[in-house]
Amino acid sequence: MNTLTSTTTTQARPRGNGGGYMHGLDILRVIASTAGVYVHTANWFAVNQREFSLNGVVRTVVADPLHLNPHLSFTDVTIFMVISGMVVTHVADRERPGQFLLRRFGRIIPLLVVVLFITAMLINLGVFRAETKQTSLSFLDVLAGVTLTGFFTTPTVILVGVTWTLLLQITFYSYVAATMPLLRRRPWLPSAAAAALVCVGLSLASGPQPEPVHRIGVIATFITLIFIGQLITLVRSGKVSVGTGSAIGAAHFGLFVWADKLGGYAYAGGGMVRTAFLAILLILVVMYMSGPITKSAFVKAWSARTYAIYLIHPVVIYPTLAALAPKIGNIPALLVALVFTAAVTEVLHRYVEMAVHQRIRRWEKQRSS
Amino acid sequence: MSSPPEPTQPIASVSARHAGLHAPVAVATVLIAYSFLGGLWLNRHGYSPEWLVVVREWFNKPLGLGEDFGFLAIALLLMSVGHLLTARAMTSPWAVFAKRLAWQALPPAAIAAVLGLLFSLFADPLPLAFDYQANPLLFSLLVGLAFAGLLVLTAPLLPRQWPVAVVAQLAVVTFTLTVAGIADVPQLGILAALVTLPIIGELLWLSRKGLARFWEAAPLALFCFALLMVCEHLFREARDWWFPVAAVSALMLMLLAVRGDARAEHPRPVEWLVSRSYYLVVLCGVLAYPLVGLLDLLSLPISYVVSLLVWGLGAELLHRWFGKST
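Going line by line, the protein sequences match chains H and E.
Under the UniProt record's numbering, read the first sequence as residues 1 to 369, first letter to last.
Under the UniProt record's numbering, read the second sequence as residues 1 to 326, first letter to last.
Quick caveat, the hints were computed from the structure, so don't treat them as lab data.
Owing to the predicted nature of the structure, the values given are computational and were not obtained by experimental measurement.
Mixed in with the good hints, there may be bad ones.
Have a look at the derived ranges for each label pair, beta carbon to beta carbon [to be verified]:
id, chain 1, residue 1, chain 2, residue 2, range
1, H, V200, E, E316, 48 to 58 Å
2, E, D131, H, A322, 21 to 31 Å
3, H, I331, E, L128, 52 to 62 Å
Derived pair list, reagent style SDA-like, types lysine to any residue, alpha-carbon separation capped at 20 Å [said to hold, decoys possible]:
id, chain 1, residue 1, chain 2, residue 2
4, H, K261, E, V53
5, H, K133, H, H40
6, E, K61, H, R50
7, H, K295, E, A218
8, H, K239, H, A193
9, E, K61, H, W363
10, E, K99, E, H45
11, H, K261, E, N60
12, H, K261, E, L52
13, E, K209, H, S290
14, H, K365, H, G106
15, H, K239, H, A178
16, H, K327, H, D64
17, E, K99, E, E232
18, E, K61, H, A268
19, E, K61, H, A297
20, E, K61, E, S48
21, E, K209, E, S48
Think of the CB as a built atom: it goes at the ideal place given N, C-alpha and C, for glycine as much as any other residue.
With the hints as extra help, turn the sequences into a complete structure.
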């Protein structure tokens, strides 16, 4: 997810009040990516009715006492979305709209396309099953899946489940680019206007609706979290007062609660609002941390790879577990799957994500000189 | 009665060591009023106004902060108590700390108890019962007093051997919780478990002052949360309150507040609420709560206005008599 997109370049990280980089965001990305991998792994074991001892521990120690979603679902998405809003708003302050879109899409689209093509190949080879259960794909299915238009078709064609959050990112980037002049002159206005738009979106999309309209409701629901991130950055930088930022942020959170009450937009469990609330509090607390672990090279490197981890981990972990768990046992299979995920992540990060990113930067330099 | 000698620290340092507590204490005191005079009194007397239902449906239920934010307020106050008393214990001679604490905490509690007994003759105060469900305020005051007792006993250890002091406090809490579990005394078990909240506040202060490192304080704080969870597992009576949700929320809010609020000066209403918070909490169930019921015969809005004024006046008098509560 894009949050990560801007993280590998240190310049893209919001600065703390004291002028230093917010290393806390790196550790939050590590937490979110770990949660994401855990959520999907736990779901795989649950769906396949296999015992996974960590599930019991997490349920007893965290999920049940805090009444969160089963397997802590949605924790990762909340953290990634809020950080995304924070980081993207920070970089939007010093980029032109075209440059902003080129850089943001340059970070998310190439890796997304590569991962989805690999996934389509694995589906047609019978190694992986699409999120929407297809076991073989036509050319048009692949096209719909790779371009994410499959989210709006009937039947839907979704190759990797986690890519639904990319719809939110793309919508948010486009909105930020469109409202960039406003964001600089009246910083509170874009997020306030977005709250009104979300309200309209949820009103139109409530109840049984065709897939494209329903999908607009999903985007309207979860984009509120990204705008909360935007407001955090605006308040921190002093561009929006605490009172105004809190009021607009509360409006966005209220819209999220409303969407949760309408139902149908979230599939992770009955603790969506609580999970989002606690995750936002966690972000506000952890983002200022700057201890030795938070600043370590390992955390920084992991943080830079979280987009690749986020996209690729289900594609690697699910088939690996399916192939190995019955033969060598759950935990050894999971360890192999995690090592495999790390290796594939590294390759994708170096040779796709960063390669394209550096090429865009070189092109920008040549153009400006 | 004469008050014990004042601590030697100048007022400025007192203010500075409380930096960060203003927001949580002020918010918690307002939430106490909302929860007990608003939500609880109205419900126990047959009222169910639309706004209360809306707040519950849109905030309390989705966030898991039940009792109309009552336990969130209690958790914030208990953590603040831990933070504040630890600061005092570390910066005052032991005898001064113990005397001042006893002077400020016990007589107002005794006055409140007398008021409660008096009101119970002709009105409807919160019952003087050792039962969280019947009177969460009294219960929480007992939790605060239990922690204060533990702190007084372990205060000499704090400056040089803080881990020993905190572990000793946790050992007492764990032992009491275990005994309550074996003997099946749920209220004692809940009380013991809630004492972990001021201990978390204590750890927060030790951590802020650089005495406790993160890796030292964090496991102890996690152990505190573990005891809250154990309490839920042991006692059916503890399960309906969702203590861990509010406790975790309170800790996050405290961490945010102590980091962000380092100003020495605050708006006067905030200063007023913070300096009188203990007396307001003490008097809420025995003065304001029964007064709302007594004056309800006139009209509910008038009853609320008068009760709030009398409640504030009572806290002001106690404050002037016994000194700052924070």
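(message) When the structure is checked against the list of hints, which entries are broken? Sort them ascending.
(response) Result: hints 2, 6, 9, 10, 16, 17, 19, 21 break, sorted rising.
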